[in-house]
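Novice: Note that the protein sequences, when read in sequence, are chains A and B.
Each residue of the first sequence is one higher than the one before, starting from 1 at the first, in our numbering.
Each residue of the second sequence is one higher than the one before, starting from 454 at the first, in our numbering.
Please keep in mind that the hints were generated in silico from the structure rather than gathered at the bench.
Note that beta-carbon positions come from the ideal geometry of N, C-alpha and C, so glycine has one too.
Hints should not be assumed to be uniformly reliable.
What the hints assert, rightly or not - Quick list of in silico lysine to aspartate or glutamate cross-link-like pairs, EDC-like style, CA-CA up to 16 Å: (1) B:K661 - B:D636; (2) B:K592 - A:E320; (3) A:K333 - B:D532.
Unchecked claim - Where chain A lies over chain B, by a calculated footprint (3+ residues, C-beta under 8 Å): (4) 464–476; (5) 522–532; (6) 545–557; (7) 581–592.
Letter by letter, the chains look like this.
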Amino acid sequence: MNVISRGIKNALRSPLRTGAIVLMLAISIGLILSMLVARSSVEAKIASVKALSGTGIVITPAGVNGFAGGGDPLTADQVASITKTAHIASISSTLTDQMTTTDTNLTSSLQLGQFGRRQARSDTATSSTTTTATTDTSRPAPTPRIVVTGTTNPNSIASNGGTLTITSGATIDGSSSALVALVGSDLATKNNLTVGSTFTAYSQTITVAGIFTSGNTFQDSGLIMPLATVQSLTSQAGDVSSVTATVDSSDNVDATVASLKTTLGDKADITSQATQAANSVTSLQSISNLALAGVIGATVAGAVIVLLSMVMIVRERRREIGVIKAIGATNAKVIGQFITEALTLTIIGAAVGLVLGVLVSGPMTTSLVTSSQSSTASTTTAGGPAGFAGGARAAFGRGAQQISNNFTQVTAALTPQVFVSAIGITLIIAIVGSAIPAWFIARIRPAEVLRTE
Amino acid sequence: MLVVKNLTKTFNTAGGKVAALENVTLTVETGQFASIIGKSGSGKSTLLSMLGALDVPTSGSIEVDDVDIAKLSSGKQTDYRARKIGFVFQHYNLIPNLSALQNVMLALEFGHMPAGKRKARATQLLSDVGLEPDEQLRKPSRLSGGQQQRVSIARALANHPAIILADEPTGNLDSETGQKIFDLLHRLSRSENTTILAVTHDMDIAGKTDVTFRLKDGKMTTI
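With the sequences and hints as input, model every part of the structure.
Specialist: What follows is the structure, given as structure tokens:
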């Protein structure tokens, strides 16, 4: 029998007390594990959100939102300076325009509806202030317009974040200036267009290269053409209404945004998806912080349990410690024996606690995330309908969809790292819990045994 | 041989310094059975503490086989206790969750005996003090007072100590058992050539030892 075996034997000396200490420790360690699991799951989700949506930057002319607002489009020089900015891996530029019945022979597949009438009314009001002679009876019946998107990358229009779905024909080369178009499925149906059909736009004959579908009614009622074609047709050479830039690494997004703001000044509004993603994961971050506080709290509680238990045991066995020292035990041996005892109690508590933690961590993580999800859902609804924007909006739509999925995708993942952390914390509990009792032991003088005789 | 010269121990109390021992001088030859008698508070236990290196004297020297144990470092004093001293307490002070055999083996562990040899040595010692094999495996709570004191004596003898210090070894036993324990100690002092210094109230026992010292108010008088 040596120090270790005596320590283990002593830990089991009083079954009732050992049971009580183990139970308290198990609850504490179970809580630590479940909090570590919750934190690990949430942190993993935050990291994946940032990695997925973190490298996009959208640059729009200052004051413009879709077809609303005012200001000048971005110029070719500005686009060139964006391209040259450090860390920007690629860009896609977009210029959008709206065709009325005078610009094209196509009929819009959209119903005017309340939103359309509101738009038409504001346009007419603007017109009447300049002509001052227009009356209600002479105003032409308002019709919905057809949105034309000129882009260097047709896939940037896809609302699902992937490749644009071409249902027939082929996609177009965004860098060309050919008179070709991808027609939205709704618009194609409305005007009986198929691949190879032609239609008139801006007094030019345009050939249908393909039909696309995006699942978005607004986009499926529009046209996509090469950027240069739209610039030429609308006499806006070099102008773009938005640029979506991709940064080489999510770590460089903030620096690139700062650099672009310096370059473009107040001529452009710059929004990074990383910022939006960061805002959207704030509630997840709160859960992560809460879980960390839980880990710290439970660790302190565990250490205090071991500490008080060992102080109680040392005080109770003061005489025994004196005897052992009197017959030749060194302080190191006696302290080693009591640390072993504390470790044994902690390890048994940890074993029970880990089982307990595995059982409760899943439901606990789900519970924490579900309560956070409900509060976030109400915020999203209050945001109102998104609309009227072009490709840039689609990019953010993808991000929002991704973010809304975060909460439901958090799973209680018990990784080896989490287990190692839990065991490490358990050892810290045992060592911290034994430190003060060890100091007490070192102070016990063997002479006290004789004094109490 | 144990030689104590001018041993003084004072304690600081609220009422000032109190001398528990004052210029105590005594000599006990190797293999002698000596007893110390005195009233409560006369300084018997304090003297035993000094001799067992459990406490440090204020002044004076304690030489065991020509080594002044009062001047040893803390670590060496621990080693001295393990190898040179055996303690026998009035209340036996056995470790309650260890068997009689394990209690003796514990002392052998502290005396640095190789693990493989401890059990045989402990069994032999317990047989020498009269404990049956089945009794050797019992925990102290399942042994009588006399049996526990025998285990305590076996533990004290474990590492062939130069001195056995016994603090009221028969004080907790009936007179018949006390006599048997005394006889055992006496026999061992002869067979093992071990010096035994026993504190006792029992004048009958004190009268049968080789030499008796009387402590009164911290001062030593030879009878």
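Novice: Checking against the hints above, which ones are violated?
Specialist: Numbers 4 and 7, in rising order.
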